[in-house]
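A.B. asks: Here the working numbering is used: the first residue of the sequence shown is 2, the next is one more, and so on.
Careful: at least some of the hints might be erroneous.
[What the hints assert, rightly or not] Calculated cross-link-like contacts (lysine-lysine; reagent style DSS-like; alpha-carbon spacing at most 25 Å):
1) Lys437 / Lys384
2) Lys478 / Lys466
3) Lys384 / Lys438
4) Lys384 / Lys436
Since the hints were made in silico from the structure, they are not lab data.
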Amino acid sequence: MIRSVGTVGSMTVISRVTGLVRDMVFAQFLGSGPIADAFFVAFRIPNFFRRIFGEGALSVAFVPVYSEYETRYPPSEVSAFLNLMVGRLAMILIAFTASGVIFAPEVIRIIAPGFIDDPMKYEASVTTLRLAFPYLFFISLVALAAGVLNTHGRFAAAAMTPVLLNLCLIGTVWLWVPMGSDPAAVLGGGVLLAGLIQFGFQLPFLKRIGRLPRPRLYARGANGRLAREGVSQVFRLMLPAIFGVSIAQINLLVNTILASFLITGSVSWLYYSDRLMEFPLGVFGVALATVILPSLSRNIAAEDHEAYDTTLNWALRLVLLICVPATIGLVLLATPLISTLFQYGVFSAYDVAMAAKSLVAFSIGLPTFVLIKVLAPGFYALKDTRTPVLVGTIAMVVNAGIALALFEPLAHVGLALATSIAGIVNAGLLYILLKKKTRFSLEAGWVSFVGRVAIAGVVMVLVIKLGSPEGSIWTEKEALWRISVLFAWIAASAIAYFAALYGMGISVHRLFERRAL
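Using the sequences plus the hints, can you model the full thing?
C.D. replies: Here it is as structure tokens:
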């Protein structure tokens, strides 16, 4: 399984690196101006539904059912189930996408009410949303295909598809935005093109494993009853999962709504800082969650509860190992990171300072965001989508309350901090309830393990604090100096962290193997 995490993680690194390049291009050409704010708001809406219907609720509902069918039933019945699933999902997506395009102005008024008094932002947001909303149709089908491929152990193809989105948007901004009279239309068109390419990219891989679907709206014959039962089960599991997965996205939308009333640039500062925080979350947290859900589902299908506990313990240890240095680095190197990656073109030193503040606030919650990615599949593998919904609802209320309280005194930083606090509440409750539901327990040696990781973290902090230049210097130096010094300090702090672990008995070259922990 560690090889699968490595595969997904490697592909996700490529995706995240191209994503950072995309954001660097955005910062250079769009900065934190009104068009940037408009695009980030408009693109967040199809992304919101993508994460709910596509990568979120659909995945957690579909993978356990599909895994069960692959384990228990012959290929003909699995194909009948998959064909019916694709056909009915596509029908729902077409209707939903058409509604989104038609009612784009009303959606913008709800999501970014602060834009109504700024005609330029409002019109740009509506134009971008109308062109980008069909992206939801393609990317949701891509997510379904990814669930099939992941169940068959083909993680690389699914993990590579986000790269195509990044490359399309890089080309769009770099080649056409400087020349186009309507940058909002160009950006929206780039998103739509990316969705179409991502969809086409998955088809050969599905054909290779014999699972290229032939969409059907009805299933008849000998396999029809079982196919209908499977699709009904997926949609029943999706209903509570939609709300559960949407809670994190609702928190982001609450932040967007409030940020639309703040000064121009607030939406962009939150976007750039969130993207940096999402880098380790996506590379590691999403990769780990992608791999353990099929594994946990197989454990439950085989009634192997010992293997279920072992998988979760292994995942939780990896979370601690990676999130400690990632959080330390993001908090202590916030200004150098933002400056080095984004301070080009129209992105100013003031933008760096503002985005760095919200990055620190977001980073506080990074370990718990990754924990949620690991703990939630523990429930989904049991076909329990209700408990994460309950926990997420509580976290959503916490986020909204804190965001409203901190919105005025701390501006965009308060919104980021509210998200982190809500994540802490979410992860804590998930862990407590998972222990209660499954009798899950931590393996022996956890106290010693946590202590060693904490000491290694302190060593890393000392290396950064003793050698890193003052924050204000970063915004004044040229790009080559920033890149060179930042790379040196990241490398030095990482070496110090892993060397400290090695000195305390955690073998670096076997760091991710369970027996080394």
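A.B. asks: Please work out if Lys437 and Lys384 have their alpha carbons no farther apart than 25 Å.
C.D. replies: The hint holds at about 16 Å.
A.B. asks: Taking 25 Å as the top limit, are the C-alpha atoms of Lys384 and Lys438 close enough?
C.D. replies: OK: Lys384 and Lys438 at ~12 Å, within 25 Å.
A.B. asks: Take a quick look at whether Lys384 and Lys436 sit within 25 Å of each other, Cα to Cα.
C.D. replies: holds, 16 Å
A.B. asks: Is the straight-line distance between the alpha-carbon of Lys478 and that of Lys466 25 Å or less?
C.D. replies: holds, 19 Å
Checked against the numbered hints given earlier, this structure breaks none of them.
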